[in-house]
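Listed below, chain by chain, are the residues.
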Amino acid sequence: EPEVTQTPSHQVTQMGQEVILRCVPISNHLYFYWYRQILGQKVEFLVSFYNNEISEKSEIFDDQFSVERPDGSNFTLKIRSTKLEDSAMYFCASSEPGQANTEAFFGQGTRLTVV
Amino acid sequence: QKEVEQDPGPLSVPEGAIVSLNCTYSNSAFQYFMWYRQYSRKGPELLMYTYSSGNKEDGRFTAQVDKSSKYISLFIRDSQPSDSATYLCAMSGDSGGYQKVTFGTGTKLQVIP
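Protein chains in written order, with my numbering: chain A, 1 to 115; chain B, 1 to 113.
Only chain A is shown next, with the shape it has when bound in the complex (with noise of 0.2 Å):
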């Protein structure tokens, strides 16, 4: 069964460094996005990409964020300098022409501790 992949399925870094979180989306799937869940809190919304640009981004996803799709399989999400309040599960998800978000599949997460 087709399934997105994350990598890495965890990663430490120290505040103030950057980091970039690495997906593979299901092949057929255009549409893509990242969210996050802080331990304990519920699934934020922080992007969606479509066509080579974002379609919509949240509050949260703000000048240290950046997304990018350099090839035909990879979907990344870069933090520029982390910060401690950026210690989270992060989550990748995608979904195919014309189920849009309402069937979004998700991977299992990259947990990302900033020290």
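Possibly wrong hints are sitting among the right ones.
[Unchecked claim] Derived BS3-like pairs: lysine-lysine, alpha-carbon spacing no greater than 30 Å straight-line: (1) A/Lys42 <-> B/Lys2; (2) B/Lys70 <-> A/Lys42; (3) B/Lys70 <-> A/Lys57; (4) A/Lys42 <-> B/Lys42; (5) B/Lys70 <-> B/Lys2; (6) B/Lys2 <-> A/Lys57; (7) A/Lys57 <-> B/Lys42; (8) B/Lys108 <-> A/Lys57.
[As the list claims (entries may be wrong)] Between beta-carbon pairs, the in silico distance windows are: (9) B/Asp58 <-> A/Gly40: 25 to 31 Å; (10) A/Glu85 <-> B/Asp7: 23 to 29 Å; (11) B/Ser26 <-> A/Ser27: 33 to 39 Å; (12) B/Pro14 <-> A/Asn74: 42 to 48 Å; (13) A/Glu85 <-> B/Glu57: 38 to 44 Å; (14) A/Ser73 <-> B/Gln110: 37 to 43 Å.
In short, the hints are calculated from the structure, not lab data.
We treat Cβ as the ideally placed atom computed from N, Cα and C, and that holds for glycine.
Fit chain B to the given chain A structure using the hints.
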């Protein structure tokens, strides 16, 4: 008032019980309503979604939406220990890919054998 409210539980039920999970919301623009299941330290897994008001059934799961009351429910019949997980309601204003999805905080369910 929070956009989406969900009782965090935990909710413990004996195996075979009918489980009722609920969310309320305040944003009348929401049109699509989803239920996700999330096992510990895993990503959310979509169970089902409904559009506007009404019911939808899929096996042991039934989703109900009452837009007039801004209230949605997920019923699980003949609950199994494998149903033990956190259940997240989620909503969006449109199915378009650019629309963000707003999640509830999740209800933790434990089904006791």
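Verification of the hints:
| no. | hint | result |
| --- | --- | --- |
| 1 | A/Lys42 <-> B/Lys2 | holds (12 Å) |
| 2 | B/Lys70 <-> A/Lys42 | holds (20 Å) |
| 3 | B/Lys70 <-> A/Lys57 | holds (25 Å) |
| 4 | A/Lys42 <-> B/Lys42 | holds (14 Å) |
| 5 | B/Lys70 <-> B/Lys2 | holds (13 Å) |
| 6 | B/Lys2 <-> A/Lys57 | holds (19 Å) |
| 7 | A/Lys57 <-> B/Lys42 | holds (23 Å) |
| 8 | B/Lys108 <-> A/Lys57 | holds (28 Å) |
| 9 | B/Asp58 <-> A/Gly40: 25 to 31 Å | holds (29 Å) |
| 10 | A/Glu85 <-> B/Asp7: 23 to 29 Å | holds (26 Å) |
| 11 | B/Ser26 <-> A/Ser27: 33 to 39 Å | holds (38 Å) |
| 12 | B/Pro14 <-> A/Asn74: 42 to 48 Å | holds (46 Å) |
| 13 | A/Glu85 <-> B/Glu57: 38 to 44 Å | holds (41 Å) |
| 14 | A/Ser73 <-> B/Gln110: 37 to 43 Å | holds (39 Å) |
In this structure, none of the earlier numbered hints is contradicted; all agree with it.
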